[in-house]
Amino acid sequence: MDQLFEFLQALKDQTGLAHIWWGNLVMMAIGATMIWLAVVKHYEPLLLVGIGFACIIANVPGSDLILPGGLFDYAYKGVALLIIPPLIFFGVGAMTDFAPMIANPKLVILGAAAHLGIFVALIGAKALGFTLAEAGAIGIIGGADGPMAIFVTMKLAPHLLPQISVAAYSYMALMPLIQPPVMKLLTTREERRIVMRQARKVSRLERIAFPVVIGIIVNLFFPPVAPLITMLMLGNLFREVLVVDRLAKTAANEVMNVIIICLTLAIGSTMSADRFLTLETLEIVFLGLVAFVFGTGSGVVGAKIMNLFVTEKINPLLGSAGIASVPIAARVSHKVALEENKENYLIYHAMGPNLAGVFGTAISGGILLALLGVK
Amino acid sequence: MNVPDTLFGALLVSLIDFFLSILMISGIGIVLALFPLLNRIGRIDDEALRDQRH
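Chains as they are written, first to last, in our numbering: chain A, 1 to 375; chain B, 1 to 54.
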């Protein structure tokens, strides 16, 4: 009988049951909540289903999938080796029409103005005791650009990947709730009702020249973030030349879908209880919110400052679209403007600063990496 | 550049980064403002390109 008991005990010790603790159960509940949010509330389902599932599996003690050599670990290696973020940008480039940005270049500056949140979060993180490299990675959450946040984090503070990526993607999904109160607080009703003049038509030659020119500029001035923007521009070139339709569709669909699966598994698999259930996580989540609020506010104020110098006034709601997170921020600007004037369709105009925000985040990230001596 | 790992360092990095970002993105804006000049070179017909697609 004793022998049988010892045998069963040894069997139990070999399973994960012997190592489970309350942290695992909390993280499994968080993973399940993510799947629920995706399925029931339709919050970022493409991301949350995979992240939630991998988060649950990562917290099953004894699961080999997240250990070195495990399948999820290979997905994580795609992030760690900085292969996945540029490939996401490749797909995004193939899906994106940059004409609103080309058509109205004066709005491009809002793509930088809306990034004050990055620096507020960076300073806040340093004040809370994070290292400067960690603070830089946390600050980039304010760029509201998931792949860029992952890219910069992997270069500056890879151990913070789960917290930063979850904060960045969560707040991007919550932008329709976070941004409008800030936008309304900083603008008058008259300002929100400003109607923008129709933008000019952008020719095919300009559309084809754009990715080539930007590719050269970024590689010349911002080598640390060049892989991301270069791939964004390659995807966009495939789209705009019209002669490689097949490649553009593959980049925008098949490649993008495979990469999203790998990315979500990689992020979710890093969300183990011992790494995630810390005070640091709460601080990062709070700083991420601060970054989004300040970024939205600085974009709106930036647009209002521009109005002091231009004859043809711009709607300051366009400023908050400069925070990137394409196209969510542009949609929020459009929706808030529409509440004031049912005939004011801002979406096309808002896409200009919104797309410029992608470059703004890349430039901020590139300068940050250069200043901190990271290649 | 060796930035001190202090609050002052964070402030310094933030200030330099913010103003350089505005400067750089303004540069991109200026380049884009010149884009209409490309149309003087010629015109590309969308339909002709679509006919050649692979």
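Please note that a few of the clues may not be correct.
Selected chain B positions facing chain A (Cβ under 7 Å, derived; list incomplete) [unchecked claim]:
| hint | residue |
| --- | --- |
| 1 | L7 |
| 2 | S21 |
| 3 | I28 |
| 4 | D46 |
| 5 | A48 |
Simulated DEER-style distance windows between Cβ atoms [stated by the list, open to error]:
| hint | chain 1 | residue 1 | chain 2 | residue 2 | range |
| --- | --- | --- | --- | --- | --- |
| 6 | B | T6 | A | F309 | 41 to 49 Å |
| 7 | A | P61 | B | A33 | 52 to 60 Å |
| 8 | A | L220 | B | N2 | 20 to 28 Å |
| 9 | A | F5 | B | T6 | 55 to 63 Å |
| 10 | B | P4 | A | P223 | 21 to 29 Å |
| 11 | B | G27 | A | E312 | 35 to 43 Å |
| 12 | B | L23 | A | P61 | 46 to 54 Å |
| 13 | A | T250 | B | A33 | 28 to 36 Å |
| 14 | B | D5 | A | W21 | 32 to 40 Å |
What the hints contain is simulated information worked out from the structure, not anything from laboratory work. All of these numbers come straight from a predicted model, not from anything done at the bench. Yeah, the Cβ is synthetic: ideal placement off N, Cα and C, and Gly gets one too.
Status of the hints after comparison with the structure:
{"no.": "1", "hint": "L7", "verdict": "holds (5 Å)"}
{"no.": "2", "hint": "S21", "verdict": "holds (4 Å)"}
{"no.": "3", "hint": "I28", "verdict": "holds (6 Å)"}
{"no.": "4", "hint": "D46", "verdict": "holds (6 Å)"}
{"no.": "5", "hint": "A48", "verdict": "violated (9 Å)"}
{"no.": "6", "hint": "T6/B / F309/A: 41 to 49 Å", "verdict": "violated (36 Å)"}
{"no.": "7", "hint": "P61/A / A33/B: 52 to 60 Å", "verdict": "holds (59 Å)"}
{"no.": "8", "hint": "L220/A / N2/B: 20 to 28 Å", "verdict": "holds (25 Å)"}
{"no.": "9", "hint": "F5/A / T6/B: 55 to 63 Å", "verdict": "holds (59 Å)"}
{"no.": "10", "hint": "P4/B / P223/A: 21 to 29 Å", "verdict": "holds (24 Å)"}
{"no.": "11", "hint": "G27/B / E312/A: 35 to 43 Å", "verdict": "violated (23 Å)"}
{"no.": "12", "hint": "L23/B / P61/A: 46 to 54 Å", "verdict": "holds (52 Å)"}
{"no.": "13", "hint": "T250/A / A33/B: 28 to 36 Å", "verdict": "holds (34 Å)"}
{"no.": "14", "hint": "D5/B / W21/A: 32 to 40 Å", "verdict": "holds (34 Å)"}
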